[in-house]
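Work out the full structure, taking the sequences as your base and the hints as a guide.
Listed here are the chains, written in short residue letters.
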Amino acid sequence: DSGVTQTPKHLITATGQRVTLRCSPRSGDLSVYWYQQSLDQGLQFLIQYYNGEERAKGNILERFSAQQFPDLHSELNLSSLELGDSALYFCASSPQPTSVETQYFGPGTRLLVL
Amino acid sequence: GESVGLHLPTLSVQEGDNSIINCAYSNSASDYFIWYKQESGKGPQFIIDIRSNMDKRQGQRVTVLLNKTVKHLSLQIAATQPGDSAVYFCAENGYGGSQGNLIFGKGTKLSVKP
Chain A
376 DSGVTQTPKH LITATGQRVT LRCSPRSGDL SVYWYQQSLD QGLQFLIQYY NGEERAKGNI
436 LERFSAQQFP DLHSELNLSS LELGDSALYF CASSPQPTSV ETQYFGPGTR LLVL
Chain B
85 GESVGLHLPT LSVQEGDNSI INCAYSNSAS DYFIWYKQES GKGPQFIIDI RSNMDKRQGQ
145 RVTVLLNKTV KHLSLQIAAT QPGDSAVYFC AENGYGGSQG NLIFGKGTKL SVKP
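Heads up: the protein sequence lines correspond to chains A and B, in order.
My numbering numbers the first residue of the first sequence as 376 and each following residue consecutively.
My numbering numbers the first residue of the second sequence as 85 and each following residue consecutively.
Since the hints were made in silico from the structure, they are not lab data.
It cannot be assumed that every hint is accurate.
Not the full set, but computed from the structure, chain A residues with beta-carbon under 8 Å of chain B [said to hold, decoys possible]:
hint, residue
1, 377
2, 378
3, 408
4, 417
5, 418
6, 423
7, 431
8, 433
9, 465
10, 475
11, 477
12, 478
13, 479
14, 481
Computed list of lysine-lysine pairs in DSS-like fashion (alpha-carbon distance at most 30 Å, straight line) [to be verified]:
hint, chain 1, residue 1, chain 2, residue 2
15, B, 155, B, 126
16, B, 140, A, 384
17, B, 152, B, 140
18, B, 197, B, 140
19, B, 126, B, 190
20, B, 155, B, 190
21, B, 140, B, 126
22, B, 155, A, 432
23, B, 193, B, 126
24, B, 197, A, 432
25, B, 155, B, 193
26, B, 152, A, 384
27, A, 384, B, 190
28, B, 155, A, 384
29, B, 155, B, 140
30, B, 152, A, 432
31, B, 140, B, 193
32, B, 152, B, 190
33, A, 432, B, 193
34, B, 140, B, 190
35, A, 384, A, 432
36, B, 152, B, 193
37, B, 197, B, 126
Using N, Cα and C, we set each Cβ at its ideal position, and we do this for glycine too.
Structural data, given as structure tokens:
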């Protein structure tokens, strides 16, 4: 158990809908990362937050947004969902925002868009 | 089991043998590398990391070798066990520490025969 929690574990929804994925980082970690894992793209970085502020952006679609709250939990919002958004979404956390620290991953949320 | 990528390289070994998983990384500015293990239905689990000022690092039953000249990383698992069966990913930080996100390789599926 990495100490990172994610809810829900599974999510099934329809095209055009909006969903929110939630992540709680490990105790003491200030930085949160979101990754998408799909069959054809592997693990892709979406966005990073550090202590409530956006730190870095990767290949995140404009339909997707995220935020980190004062209690450090983070939410990833996916809207106008398309079939191609079906994937595993992982949250990871680390104590600081730099890239020379280990990131610990949560169990993921499996999203299926029908 | 969980499948990442349509053409995931597969390594099949006998229980008790040593395994070597290879990875070519892309960015010569990367100065931090991590190996993750992902079991079916779970998030990536940290195995071992190495910084670019080292060429070898050992953990419990695992060794990571780094060859910066040819941008190559390998993970050696000693006395491979059935519980080692999983997909293994190498990751690099890609930006020399200026950003926190990781860049993941496509993964290698390790299958251990009892």
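Here's how the hints hold up against the structure:
{"no.": "1", "hint": "377", "verdict": "7 Å, holds"}
{"no.": "2", "hint": "378", "verdict": "11 Å, violated"}
{"no.": "3", "hint": "408", "verdict": "6 Å, holds"}
{"no.": "4", "hint": "417", "verdict": "5 Å, holds"}
{"no.": "5", "hint": "418", "verdict": "4 Å, holds"}
{"no.": "6", "hint": "423", "verdict": "5 Å, holds"}
{"no.": "7", "hint": "431", "verdict": "4 Å, holds"}
{"no.": "8", "hint": "433", "verdict": "6 Å, holds"}
{"no.": "9", "hint": "465", "verdict": "5 Å, holds"}
{"no.": "10", "hint": "475", "verdict": "4 Å, holds"}
{"no.": "11", "hint": "477", "verdict": "5 Å, holds"}
{"no.": "12", "hint": "478", "verdict": "6 Å, holds"}
{"no.": "13", "hint": "479", "verdict": "6 Å, holds"}
{"no.": "14", "hint": "481", "verdict": "5 Å, holds"}
{"no.": "15", "hint": "B:155 <-> B:126", "verdict": "29 Å, holds"}
{"no.": "16", "hint": "B:140 <-> A:384", "verdict": "37 Å, violated"}
{"no.": "17", "hint": "B:152 <-> B:140", "verdict": "11 Å, holds"}
{"no.": "18", "hint": "B:197 <-> B:140", "verdict": "28 Å, holds"}
{"no.": "19", "hint": "B:126 <-> B:190", "verdict": "17 Å, holds"}
{"no.": "20", "hint": "B:155 <-> B:190", "verdict": "16 Å, holds"}
{"no.": "21", "hint": "B:140 <-> B:126", "verdict": "28 Å, holds"}
{"no.": "22", "hint": "B:155 <-> A:432", "verdict": "25 Å, holds"}
{"no.": "23", "hint": "B:193 <-> B:126", "verdict": "14 Å, holds"}
{"no.": "24", "hint": "B:197 <-> A:432", "verdict": "41 Å, violated"}
{"no.": "25", "hint": "B:155 <-> B:193", "verdict": "21 Å, holds"}
{"no.": "26", "hint": "B:152 <-> A:384", "verdict": "39 Å, violated"}
{"no.": "27", "hint": "A:384 <-> B:190", "verdict": "23 Å, holds"}
{"no.": "28", "hint": "B:155 <-> A:384", "verdict": "36 Å, violated"}
{"no.": "29", "hint": "B:155 <-> B:140", "verdict": "14 Å, holds"}
{"no.": "30", "hint": "B:152 <-> A:432", "verdict": "27 Å, holds"}
{"no.": "31", "hint": "B:140 <-> B:193", "verdict": "23 Å, holds"}
{"no.": "32", "hint": "B:152 <-> B:190", "verdict": "19 Å, holds"}
{"no.": "33", "hint": "A:432 <-> B:193", "verdict": "29 Å, holds"}
{"no.": "34", "hint": "B:140 <-> B:190", "verdict": "22 Å, holds"}
{"no.": "35", "hint": "A:384 <-> A:432", "verdict": "24 Å, holds"}
{"no.": "36", "hint": "B:152 <-> B:193", "verdict": "24 Å, holds"}
{"no.": "37", "hint": "B:197 <-> B:126", "verdict": "21 Å, holds"}
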